[in-house]
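One letter stands for each residue in the lines below.
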Amino acid sequence: MMVALLLLPALVMFAASFLHTPRARRLLPISSVAILIPVGILFLHAKPWSIWGDYLVADDLNSYVLLVSSVVGIGVTLALLTLDRHVAITEVSTRRFYRFFALFWIGLILSILANHMGIYWIGLEMATLSTVYMIKTNRSAAAHKEAWNYMIVGAIAISLVLFGIILIYASAKPILGEEAMLFDALLAKAHAIPSPFLFEMGFALATVGMFVKMGFFPMNLWLANIERASFYPVAALFSGILESAVIVGFFRFSTVARAVNEAHLVGFVVAYTLLTIFIVAFLIYRAKDFMRLFSLSGIEHMALIALFWVGGGTFAALLHFGAHAFLKPALFLSTGVLESSGRYHIAGALKGYRGVRGKLFYFLVSLFLLAIVSLPPSPMFFSELYGFGAMVDAAESSHHLLAMIGATLLLLILLSVIFYRFVAIYQSMKYEGEAAERPVYAAEVAALAIFAVGLLALITPAAMHFLRSIA
Amino acid sequence: MVDLLIGIFLATLITALFTARLYRLLMWYSLNSLSLGLLALTIGRAQHDGAMIISGLITLLLKAGAIPWILKRLSQRFGLVRQITPNIRIQYAIMLVPAILVFTFYLAEPISHMVEGNANYVAISISSLFLALLLMMEHNNIAPKIVGFLSMENALFLLGTTATGGMPMLVELGIFFDLLMAIVVINLLMRREEMENSGEAGA
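Residue numbers (our numbering), protein chains in the order written: chain A, 1 to 471; chain B, 1 to 203.
Note that these hints are calculated values from the structure, not bench results. Treat the hints with care, as some may be off.
[Unchecked claim] Derived pair list, reagent style DSBU-like, types lysine-lysine, alpha-carbon separation capped at 35 Å:
| id | chain 1 | residue 1 | chain 2 | residue 2 |
| --- | --- | --- | --- | --- |
| 1 | A | K288 | A | K359 |
| 2 | B | K145 | B | K72 |
| 3 | B | K145 | A | K145 |
| 4 | A | K288 | B | K145 |
| 5 | A | K430 | B | K145 |
[To be verified] Here are the simulated distance ranges between beta carbons:
| id | chain 1 | residue 1 | chain 2 | residue 2 | range |
| --- | --- | --- | --- | --- | --- |
| 6 | A | E434 | B | Q76 | 32 to 38 Å |
| 7 | A | D84 | B | R73 | 45 to 51 Å |
| 8 | B | A46 | A | Y285 | 58 to 64 Å |
| 9 | A | A271 | B | P98 | 18 to 24 Å |
| 10 | B | A46 | A | L412 | 47 to 53 Å |
| 11 | A | H20 | B | P98 | 56 to 62 Å |
| 12 | A | F197 | B | M169 | 57 to 63 Å |
| 13 | A | P174 | B | L173 | 49 to 55 Å |
| 14 | B | M95 | A | Y420 | 30 to 36 Å |
| 15 | B | L180 | A | L19 | 20 to 26 Å |
Glycine residues also receive a C-beta, built at the ideal position from the N, C-alpha and C atoms.
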């Protein structure tokens, strides 16, 4: 019953995408708002709650991620209402976009709520394949090339995840049988896994697959190129929802890996994320358009979330995750307006917005730009503060205090490079270039306002308390 | 019997790497899937595992029959290039393939005592994965890349069958469903490919 309730809005969206009347489009934001009802029920119920046997189990972590993703989905469907006013898209392509968006949603709901590694993978693969067509709704040659790129590289990444899952399953099957596919069963018997080496090999492969999917080393420019070539809502969906499902998988796998061998987990993830942020910081420094800038910044933030999570800052990771999930789609949707009709210039991009809607848009974009570089009172300011604090605390209790402090210092230097670049871009948007009047529509301002409210909600004492309880 | 089928599986994949014609590549993929399906049936029968027998049957129907046929029809319909010369020259590929095999057997050595079945099967699964990746990398055309992607899926199926004695039925069915969805997406992408490569039709 609960599964049907959760999937119903996506199924309504899928069915509505076949209707040829323009009124059907109005149904789409309503269907995306409707998912808040089952998600609300998840919060009211005692946890863990088996929604579908052992396959889909709701706990505080995935309920939180699903709530954040649902809010992002509402914002994106609102912004989609005015997509055809900013870019050239046919009615048929728009309907197909919604159709694949609905399939994408179904895949992600399965992935986020999965307690079963196989279901997690199936959902993620379904979401990956449905995104391919969403990229292709832009009928440019670049988008077509990137859709194939996404298909091929995405398939390789997802295959690595499946490869890892098979090895993890093989490592625990002698003691758990078919239950070796369940995250909770694996966690309960982590110490008894007869071949930890096989488990760790599987974990490393699955993690590399998930990291590649999020644009980590060595595929740092992969997502940036795809997001540049596709229409802006695709980038918003990638950063706000798809990456959320991937990082939930990382949270699940790494929790088991921590129980198997914490030192190996921390060493592997810290080295990988440091290398990624090191490269991304310089790529951000050289970024010359909004899409690539925000896309690369997304990689940096996902790396920070992974780092905080394994470094002991679970609360910081969850706070950072929520803030990023609201901020990045908001910035990508803003980019659609800032670059309306193919305008790519950073200089003066914030000039020319008049009237109440224009002024509100200007205010919200400024807010998001400053919040993404962690200026207080952005939730990212608090998450980084708590995250780095937790890393130093963890280092104190280990034998690697100097190495961890060195890594933290290096990270702070790299983050200042990114901070400097974002502030320079913000100043260029505000003070340089020519002012030309540009339209902003009510639906997209409403979408941005939803993200701003979500962001503010994260720093309320109740939200912080809830996140601490998950940690 | 299992050794023979795994040998055929590996041999068809290696041959596919050297193929320069699209329909022949599809035939090798079909044979590769056929050996995989028969392997699942053989192991399933030996272990009295109904789920694996069903997986084997679906593999035979879907991967050895339907998918190569659909891909051939799509390539005819959209006029895809049929001359698919690999970017890596044959003399280098001949050296690369054994190197990959030796490397994967070396890689699988530490886990030989950890898996339930024959460790060599796991090594062959991993090497098949690398060979499928090589197939994707050595071609510029879309069709061989798709076959590479499908071969990679076959390698994972082989790994699941040999390293774990078969994945749970639900997972197998989910993977088949995703595979069908991949074919739908490939069809949609090829419509555009047809427009882009209209000059290449009939090559």
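Structure-based check of each hint:
1. Note on K288 (chain A) and K359 (chain A): the hinted pairing holds, with a Cα-Cα distance of about 25 Å set against a maximum of 35 Å.
2. Among the hinted pairs, K145 (chain B) with K72 (chain B) is consistent with the structure: their alpha-carbon atoms are about 14 Å apart, no more than 35 Å.
3. With a CA separation close to 13 Å, the supplied pair K145 (chain B) and K145 (chain A) stays within the 35 Å bound.
4. The suggested pairing of K288 (chain A) with K145 (chain B) holds, with an alpha-carbon distance near 32 Å, which does not exceed 35 Å.
5. Proximity of K430 (chain A) to K145 (chain B) is assessed by CA-CA distance (about 46 Å); at most 35 Å being required, the pair is judged violated.
6. For E434 (chain A) and Q76 (chain B), the hinted distance range of 32 to 38 Å is not satisfied, since their beta carbons lie about 54 Å from each other.
7. Between D84 (chain A) and R73 (chain B) the beta carbon distance is about 34 Å. The supplied range of 45 to 51 Å is therefore violated.
8. Hint check: A46 (chain B) to Y285 (chain A), Cβ distance near 60 Å, so the stated range 58 to 64 Å holds.
9. Checked against the given bound of 18 to 24 Å, the beta carbons of A271 (chain A) and P98 (chain B), roughly 32 Å apart, lie outside it.
10. Between A46 (chain B) and L412 (chain A) the beta carbons are some 59 Å apart, a value that contradicts the proposed interval 47 to 53 Å.
11. H20 (chain A) and P98 (chain B) have their C-beta atoms about 58 Å apart, which keeps the hinted 56 to 62 Å range intact.
12. Separation of F197 (chain A) from M169 (chain B) is about 28 Å and departs from the stated range, judged on CB atoms against 57 to 63 Å.
13. Remark: the range hint 49 to 55 Å for P174 (chain A) to L173 (chain B) is contradicted by a beta-carbon distance near 24 Å.
14. As the Cβ distance of M95 (chain B) to Y420 (chain A) is approximately 48 Å, the hint placing it in 30 to 36 Å is violated.
15. Taken as a hint, the range 20 to 26 Å holds for the pair L180 (chain B) and L19 (chain A), whose Cβ atoms sit roughly 25 Å apart.
Comparing the model with each earlier hint shows violations of hints 5, 6, 7, 9, 10, 12, 13 and 14; every other hint is respected.
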